[in-house]
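Visitor: Sequence:
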Amino acid sequence: MAFILAVAQRKGGAGKSTLAANLAAALAGDGGKVALIDTDPQQTLTHWHRERAKQGARAAPMAFESPSGWRLTGVVERLRRTPGFVILDTPPHNEADAKLAIRAADLVLVPLQPSRADLWAMDGTLGLAVAERRPYRLVLNRLPASGKLREAVMAELTARKLPVMEQSLGNRSAFGDALGRGLGVTEAAPKGLAAAEIRALAEAVAALSRT
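Each residue of the sequence shown is one higher than the last, beginning at 11 in our numbering.
Worth flagging that the hints you see were computed from the coordinates, not collected in a lab.
There's no promise every hint is true.
Claimed, not checked - If you anchor each label on the Cβ, the simulated ranges turn out as follows:
#1 E87 - G66: 28 to 38 Å
#2 A155 - A127: 13 to 23 Å
#3 A155 - A214: 13 to 23 Å
As the list claims (entries may be wrong) - Once the Cα atoms are required to be at most 20 Å apart in a straight line, the calculated SDA-like pairs of lysine to any residue come out as:
#4 K109 - G79
#5 K158 - N181
#6 K43 - R220
Here a beta-carbon is modelled for each residue, glycine too, at the ideal position from N, C-alpha and C.
Throw the hints in and build the complete structure from the sequences for me.
Guide: Structural data, given as structure tokens:
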């Protein structure tokens with residue numbers, strides 16, 4: 011049975027598609043069987059996958075689909091029958107489609123930038139996960155090395171006792187550069203700090219899939 015991972019955040023621009031693509035590339039590059047599903051009308055990952063086809067052997071193989079609406083449930087149930095990982099990129103503003111993806115997930119990852127706007131938007135996504143009784147983890151994304159806002163966000167998460175992945179992603183241009191070429195950072199710049207961060211996160215997600 012596949013492990014279903016939904017990447018969800020109600021706020022647009024939080025880094026959902028970048029996180030989903032890089033996790034997929036890292037897991038596939040480590041020998042895992044991966045299917046990536048784009049349910050976001052912006053179709054960032056659909057464009058990414060088209061660019062990826064130009065990269066040849068440099069890009070680790072993975073399945074890709076972009077269903078919409080009610081078709082998503084059937085696609086996920088079909089892919090669930092095969093061992094590996096199924097990663098869903100969800101729409102930020104379509105609650106019905108996001109709910110379908112979250113309902114199907116074994117784990118919901120919520121990317122969170124160190125900003126008040128992301129904190130406010132996050133609650134809507136967490137509410138969906140709680141309503142669907144799905145486990146979730148926050149992933150701190152585009153995180154600066156230091157700063158008062160970072161400290162304030164961390165303090166609020168700690169005070170609310172929310173589950174946060176220990177592995178975080180820095181504010182690194184390598185993520186955007188790789189995405190534009192249809193690659194993950196583990197493929198485009200495998201020795202860089204961004205690649206190390208996403209590998210650590212992918213390993214932690216893989217470990218959660220085994221619990």
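Visitor: Next step is simple, just say for each hint if it's right about the structure.
Guide: Now the hints, each set against the structure:
Distance hint check: the CB atoms of E87 and G66 are about 32 Å apart, consistent with the given range 28 to 38 Å. Distance hint for A155 and A127: a CB-CB separation of about 21 Å, consistent with the stated range 13 to 23 Å. Range check, A155 to A214: Cβ separation about 21 Å, and the 13 to 23 Å hint holds. Taking the CA atoms of K109 and G79, the gap is near 10 Å; set against the 20 Å cutoff, the hint holds.
Annotation: proposed proximity of K158 to N181 holds, straight-line Cα distance about 16 Å (limit 20 Å). Between K43 and R220, the direct Cα distance comes to roughly 15 Å. Compliance with the 20 Å bound is thereby established for this hinted pair.
Violated hints are absent here; each numbered hint is respected by the structure.
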